[in-house]
Each structure stands twice: as C-alpha cells, then as structure tokens.
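> If you read the sequences in order, they're chains A and B.
Heads up: the first sequence begins at 147 in the working numbering, then just goes up one per residue.
Heads up: the second sequence begins at 138 in the working numbering, then just goes up one per residue.
Some hints could be false.
Calculated cross-link-like contacts (lysine-lysine; reagent style DSBU-like; alpha-carbon spacing at most 35 Å) [said to hold, decoys possible]: (1) 238/B to 158/A; (2) 388/B to 158/A; (3) 460/A to 163/A; (4) 367/A to 388/B; (5) 280/A to 156/B.
By construction, these hints were calculated from the structure, which means they are not laboratory data.
Each chain, written out:
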Amino acid sequence: MTQPIVEVKNLKKSYKKRKTKEIITAVDDISFTVNKGEILGLLGPNGAGKTTTIKMICGLVRPDSGEITINGIDNQKKRLHAQEHISAVLEGNRNLYWRLTVRENMEYFAGNRGMSRKEVAGQIDKLLVQFRLKDKENEMVNRLSRGMQQKLAIAVAMLAGSEVILLDEPTLGLDIETGYEVRELLREIVRTEQRTIIITSHDMDVIQDLCERTVIINTGKVVTNDRVENLMKLFEVRAYAVKLDGHLSEEQHELLIKKFPQLVYTPDTYQSMLEVDLTQSQEIYDLFDILKIEQIPVDTIDRKTINFEQVFMKIVKGVTVYALSERA
Amino acid sequence: MRFLNVLNANIRREYILLKRYLPNTIAMLITFYVLFLGMFAGISLIGDPSSQDTNIQYVIVNYIFWFLAMVVVNDIGWQITNEATQGTLEQLGMSPMGIWKIMLSRLLSTTLVDFVIIIGLLYLSMFTAGQWLNVDVLSILPILILTLISMFGLGLIIAGFTMILKQIQAFLQILQFILAGLTFVPLSVAPFLAFFPFVKGIDMVREIMINGVTLTEFAAADIAILVFNAVFYFGVGLVIFLRCERFAMQKGLLAHY
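With the sequences and hints as input, model every part of the structure.
Following this line, the structure appears as structure tokens:
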C-alpha cells in the first residue's frame with residue numbers, strides 16, 4: 147500500500163528582484179505527494195522552480211503560502227522536528243568541507259545533527275565500504291575526484307538516518323562509470339533500506355532508469371505527475387518512421403503536411419524517410435491513404451523508440467496537453 | 138545530551154583546522170606578537186618613564202583581550218562568509234539542531250581552542266616586557282566567563298548580519314578596530330562604556346591583574362552590571378540571530394553567493 151511521506155500542498159513562492167524590484171514567481175501553486183520507499187524524479191527546465199521547491203522541502207527557504215509535511219510534521223511550524231526526517235545533497239560539489247578528510251566530514255555532519263562519534267562509528271564503516279571509499283577515509287576531500295566527492299556527499303546524507311533523501315543533480319559532472327555506480331547505490335538504498343528519494347536531474351537517462359514516477363514542473367507549475375512508464379507509453383505508440391522505395395509527389399507531401407504538421411520528410415531518389423507522430427492511433431490509415439495515391443512501395447515501418455528526454459522535451463513544450471487530455 | 142555532541146564535533150573541527158592551517162596560525166601569532174613588540178617599544182622609548190610600568194601592564198592586558206575579542210566576535214563573521222561562499226551554510230541549515238546551536242558551538246570551540254594560544258601569548262608578552270601580572274585564576278575566571286557570554290551575544294549579532302548581508306567583509310575589517318577601541322579605552326575615560334558588551338569585564342580583569350584586586354573586593358554594582366551585560370547581550374544576540382535566520386530563509390539567502 148502506498149503511504150505518503152512528503153506532502154506538498156499549494157506551495158507558492160515569489161522573489162523581488164533587487165535592482166528592478168520586479169516580482170518573480172518562482173513557484174506557483176505546486177502540489178504533489180511522495181510515497182514511502184519510492185524514487186521520485188522532480189524535473190523541469192532551468193528556472194522552472196525545481197531548486198526553490200527542493201529548498202522549501204528542506205526547510206531552507208520559507209514558502210509565501212502553502213504547506214509541506216514530512217512524515218506528517220509541518221515543516222514550517224516544526225521546522226527542526228521535520229528536518230530530523232530529511233537530508234539532502236544540494237547541487238554542485240559544495241556539500242563538504244574540503245580541508246577535512248572523508249571520515250572527518252562524516253563525523254562532523256553527524257555531530258551537527260546531535261550524534262556522537264561513537265554512535266556513528268559502525269555506520270560510517272559500513273557506508274565507507276558500501277560507497278567504496280574505505281581506502282580513502284583519511285584522504286582530504288579536496289584531493290578526491292568529483293565522483294568520489296559526490297559519493298561522499300550522498301554517504302553523509304545517508305548517515306543522517308533520515309527517511310527522505312533529496313538529491314539535486316546527483317550525477318552532474320560525473321564520469322560515466324561513477325554515474326552508473328551512483329545509480330546502483332541509490333537503487334540499493336531504496337531497495338534494502340526502505341528510504342525515499344527525491345531526485346532532480348537534467349540527465350533523463352538517469353531519471354528513466356531510476357524513477358518510478360516523475361513530477362514535471364514548468365514556469366512554477368506542475369505540468370505532469372505520472373509514472374515514467376505511462377509517459378513513455380503515451381508517446382511511444384504513435385511515433386513512426388516509414389522508409390519508402392521512392393519519393394513523395396508534391397501533392398502527397400502537401401496532403402501529409404496538412405494532416406501531420408510535425409512531419410519530418412527526408413526525400414531521396416531511391417529511399418526516402420518519413421517520420422510522423424500520430425495524435426491518434428487511427429491516423430495510421432490516413433497516412434496510408436495518402437501513400438496509396440502514388441502506390442509508393444513501403445520498404446519498412448518502424449515504431450520509433452522514443453527516449454525519456456524526448457518525452458520530457460515534448461511535455462515541457464506543451465505537446466502533451468492534447469495527448470494527456472485525450473488519455474484522460 | 139545532543140548539544141554536547143554538536144559542541145564536541147565543532148571543537149574537533151576547530152582543532153583539526155587549526156593544526157591543518159598551522160602556518161596560518163603561526164603567522165597570525167607572530168603578527169600579534171610583533172604588534173605587541175611595537176607597542177612595548179613605543180612606550181619604552183617615548184612614554185613617560187614615571188608611568189612606564191603601568192602603561193606596559195595595561196598594554197599587555199588590553200591587547201590580549203583584543204585578540205580574544207577578535208577570535209570570538211570577528212571570526213564568527215568570517216566563518217559564516219566562508220561557509221556561505223563554499224556552500225556549506227545550507228548543510229548547516231539542514232541540521233535539526235538549528236543553526237544557532239551550531240554557531241554557539243563554533244563560538245565556544247574557537248574560544249576553547251584559541252584559549253591555549255592566548256595563554257601562551259600572555260606569558261610570552263609578560264616575559265618579553267619583564268612585567269609579571271597578577272594571574273589570579275579564581276578571581277579572573279568568573280568575570281571572564283561572564284564577559285565571554287556578552288562577547289558571544291555580540292558574535293551572534295555579527296553572525297546574523299553576515300548571513301543576510303553579502304558585502305559585510307568591509308565592515309568586518311573595520312570591526313577589528315572597533316573591538317580594539319572597546320578593549321583599549323579605560324572605563325574611567327568613558328564610564329558609559331560599562332554598558333557596552335565586554336568593556337566592564339575587561340576593566341575588572343585589569344583591576345585584578347594590574348592592581349591585585351580580588352573578586353570579593355568588587356562592589357555588588359560592578360558584578361550586577363557584568364551579569365546584566367552577559368544576559369542582555371546574549372539574549373539580544375540570540376533574538377537578532379534568529380530574526381536574521383528567518384529573514385534569510387524568506388529571501389533564500391543561505392545559498393552560496
């Protein structure tokens with residue numbers, strides 16, 4: 147049974163620009179819930195309001211209005227109490243003290259949460275092994291690679307023992323191998339420890355790979371809140387690539403453009419390519435009716451595989467409005 | 138107690154960083170020692186010979202307290218500036234203990250760790266000048282603790298303002314001289330300064346170290362002012378810090394500059 151652990155209701159936040167005094171609405175009535183034990187992707191283009199939302203959940207920025215509860219605790223009325231249940235790795239490599247060693251950083255941050263060195267010693271050893279940092283435990287953070295620093299920042303967040311972990315761009319700037327390692331670690335954390343992870347990323351591959359559900363934000367509003375597989379299905383069924391033995395006539399091309407404005411046609415004397423997104427599955431017959439006019443032989447028909455990045459781009463550009471309403 | 142763990146973590150951090158930045162620490166000590174030598178030479182060469190000894194004794198106490206005030210009050214401002222620039226301030230803001238408790242631990246730990254240095258500096262200065270002051274620990278300690286509490290209050294005010302004002306570095310530079318003024322000016326010259334943070338305390342410590350007064354010899358009013366200052370400045374410091382923290386969270390100012 148799904149049980150909500152983070153609930154965000156009607157969140158609003160605007161800032162006044164210092165110089166122009168112009169009021170910028172960063173977050174405009176955002177609501178969503180995160181369930182216990184899930185990995186939720188929070189996505190959106192730059193300036194969509196992701197970071198502000200994350201910082202409000204962390205208790206680092208106060209919303210103008212709206213409510214956030216973490217494990218049932220209101221994070222404005224009882225901020226410190228709510229922060230017991232949440233830890234975060236914020237964007238960039240700025241979550242650690244560069245002149246302290248790996249172990250010292252872990253001990254220091256745990257200490258700041260009120261935990262003694264003795265209390266966390268065993269847990270630190272376990273995490274160092276799990277995150278493959280054991281041989282670096284006495285190395286200063288400024289001597290570590292970006293990937294190792296990121297792993298350490300996640301380990302520090304893990305050490306807090308909070309049920310919810312927020313990760314802002316956790317794979318940004320990592321090499322491919324470490325990126326995969328981080329993904330595997332996160333999956334393991336959710337699987338074995340029943341923690342909940344909220345993740346933001348520009349790397350849609352990471353989101354597609356890790357998250358069950360995504361909340362997509364654009365211009366301060368929630369545009370989509372759905373399972374990744376549903377979003378993928380939504381777009382995948384109707385994207386086709388048709389290879390023709392020959393090329394379209396002028397008339398055919400015009401008819402096709404009229405019917406499918408987003409059509410991509412690459413003509414060639416021998417083999418032309420037609421890429422088309424159908425808004426409704428029945429439209430495949432319309433496509434064939436037009437091709438039939440000149441009896442052009444169809445060589446292959448492929449249902450184009452669409453990746454999550456393309457899905458994301460379409461959603462952000464508002465393409466889904468029609469698709470989603472139709473599905474509803 | 139959880140606060141003791143926070144304090145312990147911060148003392149360890151302070152000690153580790155002091156060791157790791159050892160050349161820095163030594164350079165700072167040498168600078169202060171040279172400064173003392175300058176003042177000592179000035180008094181010896183051009184000062185009034187009849188009051189030379191007393192003047193040197195005053196200089197020793199004043200400049201030791203100036204160092205202490207700098208370590209406690211000024212350093213917290215620099216620490217917040219650095220944390221904000223590095224981006225670690227937000228991580229501190231996520232601690233369920235609250236930022237103010239971490240800041241208070243920082244104030245306590247810099248004081249405790251640097252105290253060893255201060256004692257060293259005191260004895261080095263007394264040795265250089267050949268002036269041995271009355272180090273009556275039992276009389277000095279209670280006054281020093283109350284004085285430090287008011288200094289912590291001032292430190293929290295500085296910490297709060299540093300969190301919300303980005304251009305505070307220039308002020309922190311000036312603050313060093315304001316602190317110098319407050320530690321060097323004798324209360325007899327400006328009696329109203331007794332109600333400024335730590336001025337009364339330093340004056341009383343001077344009485345003990347230079348004139349050999351003991352704790353029991355102070356008037357009740359003196360002790361009352363000292364206690365009032367400690368409670369007042371710490372309370373005001375805490376309220377201002379919490380207000381600044383709230384303001385910073387409303388405006389999203391904890392993020393790195």
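> Against each hint, give a clear statement of whether it holds in the structure.
Do the hints match the structure? See the list:
With a CA separation close to 30 Å, the supplied pair residue 238/B and residue 158/A stays within the 35 Å bound. The suggested pairing of residue 388/B with residue 158/A holds, with an alpha-carbon distance near 13 Å, which does not exceed 35 Å. With a CA separation close to 30 Å, the supplied pair residue 460/A and residue 163/A stays within the 35 Å bound. For a cut-off of 35 Å, the pair hint linking residue 367/A to residue 388/B stands: about 20 Å separates their Cα positions.
This hinted pair checks out: residue 280/A and residue 156/B have alpha carbons roughly 24 Å apart, not beyond 35 Å.
Of the numbered hints listed earlier, not one is contradicted by the structure.
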